[in-house]
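Whenever a hint applies, use it, and build me the whole structure from the sequences.
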Amino acid sequence: MFLLSEGGASIPVVDPLGADGVFSLLWLVIALPLAGATILLLGGRRTDAWGHWLGTLTAVGSFVLSLVLFVSMLGREEGQRQVVQHLYDWIRVGDLTVSIDLLLDPLSVLFLLLITGVGSLIHVYSIGYMEHDPRRRRFFAYLNLFVAAMLMLVLSENYLGLFLGWEGVGLASYLLIGFWQHKPSAAAAAKKAFVVNRVGDIGLSLGIALFFVTFGSTSFTVISANASGASDGVLTALGLLLLLAACGKSAQVPLQSWLLDAMEGPTPVSALIHAATMVTAGVYLVVRSNFVFELAPHAQTAVVVVATVTLLWGAVIGCAKDDIKKALAGSTMSQIGYMMLAAGLGVYGYAFAIFHLITHGFFKANMFLGAGSVMHGMNDDVDMRRYGALRKAMPVTFLTFAMGYLAIIGFPGFSGFWSKDKIIETALIESPVAGIGALIGAGVTGFYMTRLMLMTFFGEKRWKDDVHPHESPSVMTGPLVVLAALSVLGGLLYLGHWIVDWLSPVVGTAPKHEPPVPAIVITLLVLAVVAAGVATAWLLVGKRPVPVTAPQDVSFATRAARADLYGDTINETLVINPGRHATAGLTRGDRSLVDGLFTGSAGVTAALGAQLRKVQNGFVRSYALSVVGGVVLVLAALLVVNL
Amino acid sequence: MGEFTQPLMEYGSIWPLFVVFGVACLGVLAEAFLPRGRRHVVQLVLAVAGLLAALVGTVLVGMDLEVTEGGAARGLFGAAGAVAVDGPTVFLWGMLLVFALTGVALFAERRLESGVSAFAGQAAALPGTEAERRTQALDHTEVYPLLMFAVTGMMLFPAAADLLTLFVALEVLSLPLYLLAGLARRRRLLSQEAALKYFLLGAFSSGFFLYGVALVYGFAGSMSFAAIDEAVRNDTENRGLLLVGIGMLMVGLLFKVGAVPFQAWTPDVYQGAPTAVTAFMAAGTKIAAFGAILRLLYVAFGAERWSWQPMLWVVAILTMLVGAVLAIVQTDVKRMLAYSAIAHTGFLLTGVLGVQGASALAEGQVTSLQSVLFYLLTYSFATVGAFAVVTLVRDSSGEASAMERWAGLGARSPLVAGAFAFFLLSMAGIPLTAGFTGKWAVFTVALAAGAWPVVLVAIAASVVSVFFYIRLIRVMYFAVPEGEVASVTTPSPLTTAVIVVGVVGTLALGVVPGPVLDLAADAGQFIR
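Residue numbers (my numbering), protein chains in the order written: chain S, 1 to 643; chain U, 644 to 1171.
Derived from the structure by calculation, the hints contain no laboratory data.
Please read these numbers as outputs of a predicted model, since none were measured by experiment.
For each residue, glycine too, the CB sits at the ideal point set by N, CA and C.
One or more hints might be untrue.
[Unchecked claim] Simulated coverage check for chain S against chain U, where a stretch passes if three residues somewhere in it have a Cβ under 8 Å from a Cβ of chain U:
1. 161 to 167
2. 201 to 207
3. 626 to 633
This is how it looks when you write it as structure tokens:
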């Protein structure tokens, strides 16, 4: 069964088979890390000694199982690759049923591999990275919890289960950003991420409610089969609500501000949650909801606009940051912008969005872990101005990082080259303005990544004498090597259009649009722009000495980029300050009208008590007055509508 | 003079009510005739046995309910038409009796205050006087009969099928609560003040309620809900009388549930009353009063719902917003829970206003009645459990309800703090807790009835409410303790059992809500 969109593309309806054979083990993929988290959290200190091994083992077990599932799915015919496993009925009243169902299809199986694969590597890496942390066991419990929630998110067959995972990853992210809670900055960052994400969650909650009202269900199967029956207005509203949700989770403008601060968390967390997996959940949501977006062109346009703005916004921020992790975070924002752009292009771009999501998962996790390895050797300093010439001190880290670098700027043959090039090409054909934005973004990417590379590994040594940079232990470099290899080879997924064909039962097939100029011309154009960006960085950073303290007499553009393009200031002026005043006003009202001295009266002496009693008479009177006011209100509300 | 006919009582169906009432009276006798030393045990046994017997009775009555002539509902009228025993009544009675049992368990807790209960030795002794010091070691065992009288009123309240019975039930449930609120052993002034305020404002709002009774009688010429319904459907004269009457009646009922703008008493009373009493009345009053609101609005004024729904929209929106926003600025755990209770009243009202005509409902769709019944249950589990935890967290001056004292509790007492965090998460409506299922039920019901503005506000209020719940969890787990901190006193098995019941109920209703939702659906409709 297919839905038809306006452009003539056919969108497959979700229509899964029951799970049998090896697929009936699907639940175990989630259950393993969940069990790990439960044991580690409830077991307390008794599990300190072996907690990190258990945590890693469950993640690896989940990965092995995912591989088995993937291979068995490869062995099936195309029409039989959607499998649903019914776990149990969560809520059932009469005809209405909300069940916990898991859906494994070509889309979710890729996510399974990415989450458990990169997740396992990062678990292994963390064994070394968190070795001296007294709360390492708790860290692994949270990581396991995250993996379980993320798997729930991508495996659920309905929006309610997806929401469960969505909130779960939010919780895990909150706990992990604030893991070093003794640092006020980490606690504040955790809170900020939580608050901003809640704004996005409003979108998802309302969207789910609207699904319920419109379709009487939240199941993908039901909604995709009936989507064409809904009115345009409802579909557009649904698309915009889902976009709001995606903006919050994937740090898209205007809800982008939390991601940079989230770098306060331990670096493996930044690699797993804030680069490879959780922040891409928004892209997943859009691609998964293709049956909504394909029928809501206005919502798609909104996705494209948000994505284009974000990919430039993030890239500009990445240019000015001296904190290596924040520079990478800006880059993450920008790269997710690319994915969202592809997802916003609809059926032409879904497969490329997922393709870039996967290659980005490889090379960005690689670079974050590389950054962690650098910090490990540099006494946890994150300021690139105090790095320099580290390539000799950390050869493995340098080489693996370089692979990630070449991948992200799109050096021919590396994974990022294939995935980003396809997005820019598709964008130029389908939406030229966004395409030009993406093209410029590619140049800026070349600039900021080269700058980061040069400041960290090349040039003069700028670190102090008491710092002794050294290579990290092999438990940390091992995952780096694996991820570096994946960063190089990720492009193989596109060999013979494999990933596009693989995903077509889920995201549909696009009618062929010939580009206005041959594809090779576009590729050469992209390469020229990237080369220009790299050359600029070489001229501005590589050829000159890097000052150890950041110069202050810089242009307005640099100052703006350093201040995250004033994202926080905008939030503060438009949201936080008015909110604060409103709360303060309400508090004052509460104090004078309701609270009064009442809260203070505990333990008041008899003399004071006498005074207080006089005031209290007044209070009951004012309470009674509010009751009278209420009577007037209730009567007015009754009479106004009736008379 | 008409011939006197003996009213048909239907004892077979209303006897659980009489059991509770009878035990309450027995309790008064025991108080009068038994020596002081033996009263506690006897009262406790009486109360528990009475409540258990009534609970068993309720289940038996519930299984025996017969379908009425109309066929839509099961049940019958007792006490000459003054009391309706039907599916919803039985469901509400069951809830009330369960939470009354948890209330008794909390009342009987004597380990926390080193051997005495949480109630004042002698309520009449002036605080700070010699008389108070002399009575320190005594126990107020009158609290058990008082509780039983309150339970009687609470059971009668949602079952009342005419306005006078409704008023009598309102007073029977309220008067013991006014007294109980003033009996705290510690912080006597605060407690007495709370009781007096509660009494004054309660009396004030009862006045409005009674005036409403008179007006509606003037309109319909009868006190019985069925006759009022008849009049509402047929009479077009004097609609002013009816509307003002509905308004006045609602003032009295909305006061009891603590809806804005009648919420002023709630924080003071929740904070001042002994925490065991707060737990009992937070759950019990809300269950009883919402039961009464539902029956009055759906049965007596059901045909008039276009008139009262907009009014409830306004009240529900105000209640959710004021409750959620003011809870943010609280620094006292009990006060915060009070404001959270106000917000929950708003959510419940959202369910109440989601009523639709029977024809507008799809087969098997959750009705507003079911959703409210279910929400009451989820809310009560979390609330009773949360207040039970509050009784345990103490410092040198008794219960430590100031929030900063709770800093770092998660590290000192992981189990208790974990249970409390779980209750808070349920109140916040996080998935896989009872609260989520409850919120989901009332929101969908209101949405289906077209009240989307209210649902929008409700979702916004839920989001806001997550902040203050999580903030308290953060204080417990992540804040660095400064100054004197509270610690958890080991309670007797009674309080532990209450907390366990709360946790199990909250978890079960979140993970497998099906059976209970089915039970609520099984309760069917009110008989008319």
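Notebook entry, point to check: Hint by hint, which ones does this structure get wrong, listed from lowest number up?
Noted result: none
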